[in-house]
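Could you build all of it, start to finish, from the sequences and the hints given here?
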Amino acid sequence: MPLLEVQNLSKTYRQMGGETTVAIREISCKIQRGEFVSFVGPSGCGKTTLLMSIAGLIAPSSGRVMVHGKEVTGPPPNLVLVFQDFNKSLFAWRSVLGNVRFGLEARGNHSRQAEGKARSLIDLVGLNGFENHYPWELSGGMQQRVAIARALAYEPEVLLMDEPFGSLDALTRLELEDTVLKLWEELSTTILFITHDIEEAIYLSDRILLLSQRPSQIVEELPIDFARPRNQVVTRAEARFMEIRNRIYQRIRNEGAPL
Amino acid sequence: MGWLAFSFLLLIWELGSRLNPALQPYLPPVSRILSTLGEVVLSGQIVSHLMITLSRFLQGYLLAASMAVILGTVLGYFRLAHSLFEAVIEFLRPMPSVAIIPVAVLLLGIGDAMIVAVTVYASLWPVLINTIDGVRHIERTLIDTGRTFGLNRRKILWQVVLPAAAPYIVTGLRISLSIALILVTTAEMVAGSKGLGFFILDEERSMNSSNMYAGVILVAVLGYLLNRLFLLCEAWAMNWRRGMLARESI
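Order-wise, the sequence lines are chains X and E.
The C-terminal residue of the first sequence carries number 259 in this note's numbering, and the numbering is unbroken.
The C-terminal residue of the second sequence carries number 1250 in this note's numbering, and the numbering is unbroken.
Treat the hints as calculated values from the structure; they're not laboratory data.
There are no misleading hints in this set.
Computed Cβ-Cβ distance ranges for the label pairs, DEER-style:
1) Thr73(X) x Leu1080(E): 18 to 26 angstroms
2) Glu185(X) x Asp1133(E): 39 to 47 angstroms
3) Leu1080(E) x Tyr13(X): 18 to 26 angstroms
4) Ala1113(E) x Glu19(X): 50 to 58 angstroms
5) Leu1225(E) x Arg14(X): 54 to 62 angstroms
6) Val219(X) x Asp1133(E): 39 to 47 angstroms
The beta carbon of each residue, even a glycine, is placed where N, CA and C say it ideally should be.
In structure tokens form, the structure reads like this:
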């Protein structure tokens, strides 16, 4: 049984003037345990809506999401979402350590060991020495690392990431891509990743699901089987890397309109 | 540097008063005011007034603060509740709170109950408005963060909403601090028989201007000390903000 299954998910928004927008229409997919799957699509295509629906933060208009065979009706306990806007997601009143401990506390872990665990996670994301800093004192990349560490402290089976590196500069993005891969390999979490950066998706994933413009549907599924561990120089230098990238780029450009 | 300018003004006052005997009933020399101050404090006479004012202030302020934070959180959280009360709030908040004093006298007579009630009424508004504001303007993403970590509504309220709204609430509490003292003093003047407000007015009517000024100084000192105490508490509670605000002011 797949760990996570999306069945004919649709979401329609009703605006103030009475108009309706169909954000996603009949999206279905299956995610197996341990996979790294990316959703790629043009801006505004409903990627965030999709992820928020999977995360149980938005109720779908029709269709459903199943986790371990059980329907999602609210935030499932073994899933956590890392938001694109880390600025608005991190707790300004808690230090780095405090934020990561929140993830543990949310799991019910208030023990002494919790602090040790939090510190090791902070080390894992490369923020050793910044435990007592407050979010406002950190750069964007560092803040997102805190958000990731906090999410991992929750020990989720599935980590959902909504364009987590979208607001960061290119070099920081490359660094964090490798950080996420390292974490994924060490912790064997299943990751659902949203990005508009085609090459980032190819670099990170086992599978890419291509989304059309609104109303979003899955137009293509591409398996990505470059050797792991991936490498920013080696993997991206492979001839097929560019082939896949061009294919996706063309598809998005041409198939911008929905099916 | 500011103290220098202030001392200079005091000096002008002192000299002007000493050189101009006709002024002295209205503007006694600073030195005489200070010595009078010393006398009334040491004789204990004014201290009891001070304690009464302080006690009324504390009762009114703390009662108002706790009620307003609770009510403000409810109104900020529940849009329905807020729209119900919005009209009332918008109508009452611009009204000068001192206008309520005669109403209170009519309903509660003169005495502690009236004074505390008036103080509560006036101190409610800044805390209430700011709390509503703080709670209403919490980022949706922050709440969703609480939800994705599996927190229930109660936990989200205590662990996310209140800490996030805290800066707004503290602003309201700071404003209310001054207002509470103003109202206590005014109410004591208008319809009291005890307290610093009453003392100041009474000494004025009895043409004891030195005593009157002494009372004014004491009330100013009281306000100053309360403010400093508040800032200390704020610094301790809002420790995480200190550096952030300093940076923003650059």
